[in-house]
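Chemist: Based on the hints, put chain B in the right spot on chain A.
Just so you know, the sequences run in chain order A and B.
When we follow this note's numbering, the leftmost residue of the first sequence carries the number 1, and every step to the right adds one.
When we follow this note's numbering, the leftmost residue of the second sequence carries the number 1, and every step to the right adds one.
Keep in mind that the hints were calculated from the coordinates and are not lab data.
The hints are all genuine.
Where chain A lies over chain B, by a calculated footprint (3+ residues, C-beta under 8 Å):
hint, stretch
1, 40 to 51
2, 71 to 83
3, 86 to 96
4, 108 to 120
Since the model is a prediction, treat every value here as computed from it, not as a measurement.
Ideal Cβ positions, reconstructed from N, Cα and C, are used throughout, including at glycine.
There are 2 protein chains.
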Amino acid sequence: MPDATGDADEILALEERALARWCRGDPDGFLELSAPDVVYFDPFRDRRVDGLPALAAYYDGLRGTVSAERWEIVRPSVQRVGVTAVLTFQLVSQGGGAEHRWNATEVYRRDPAGWRIVHTHWSFTGPPPPPAPP
Amino acid sequence: MPDATGDADEILALEERALARWCRGDPDGFLELSAPDVVYFDPFRDRRVDGLPALAAYYDGLRGTVSAERWEIVRPSVQRVGVTAVLTFQLVSQGGGAEHRWNATEVYRRDPAGWRIVHTHWSFTGPPPPPAPP
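Just chain A, same shape as in the assembly:
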C-alpha cells in the first residue's frame, strides 16, 4: 500500500495530466477523473454543477475553446484524510496574451477504480483589481 507521500505524488500527477489536456481544449481528462457524484463550482456559473452528466454537458460546450500556452501549478498541498485527499493549489496560466491566476480545490476519493474527483472549486486569485476611478 503506498504511503501518504506516494498518494500525494499520484494525485498531483493525475491532476497535472488532466490539466495538460484541459489546456489543449480537451476536457475528457477531467471527465474521466470525476466521480458520478461530483459537485463543481467555477466563477462563470451562477449555480453549482451537480453530478457527472451535468458536468459533461457543460464541458462539452467548452471543448476546443481553452488554449493556454503555458501553465504552472503553484504551491500544491495534499491533505490525506482517510479515503479522501484534498488537493489545493494555485494555477498561473498564460494564453491569448493574458495571464490568469486561479485558486483551485480538488477533493479526491479513493474509489475501487482509483482516485476520483468528488468536488472541484475553481475561482480567481485575488486581491481584486482596485475600483475604477470615479
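Modeler: Just chain B now, with coordinates in the frame of chain A:
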C-alpha cells in the same frame, strides 16, 4: 452512531452557527471549528492561508469589520466520504446596501473533538459583471 443524514444536519448546523457569528463581526466561531491543519482560500488574498495560527492572525484583523444584516445558505450539499464530509453551498448576504453572492466549500473531518474544518474555499459567485463600456 448517527446516520449520514444526521451528520449532514449536524454539519449544516455547525456551519450556520459559525456564519451567524461571522456576520456579526465575530470570527471565533470559525476559528473554534477549524482544525490545526486547515488550509484556506478567499478572493481577497493572493495566497492560500496554511494552518490555524495563520488563519487566526488573518481573522483577528477582520474582527468587528463584517456586518451582514441578512444572509441565507442556498442549496447546501453534504457529500459524506468516510471520516470527511464535503459541504458546498452558496451564500447570499445583504449588508451596507449591497448584496453579495458567494460560492463556498467546507471540508469537514471527524476528529476526536468533533467535526473540524480542514479546508475552506470562499469565492464570488459568477458570472462576472460585463466589462465596462470603452
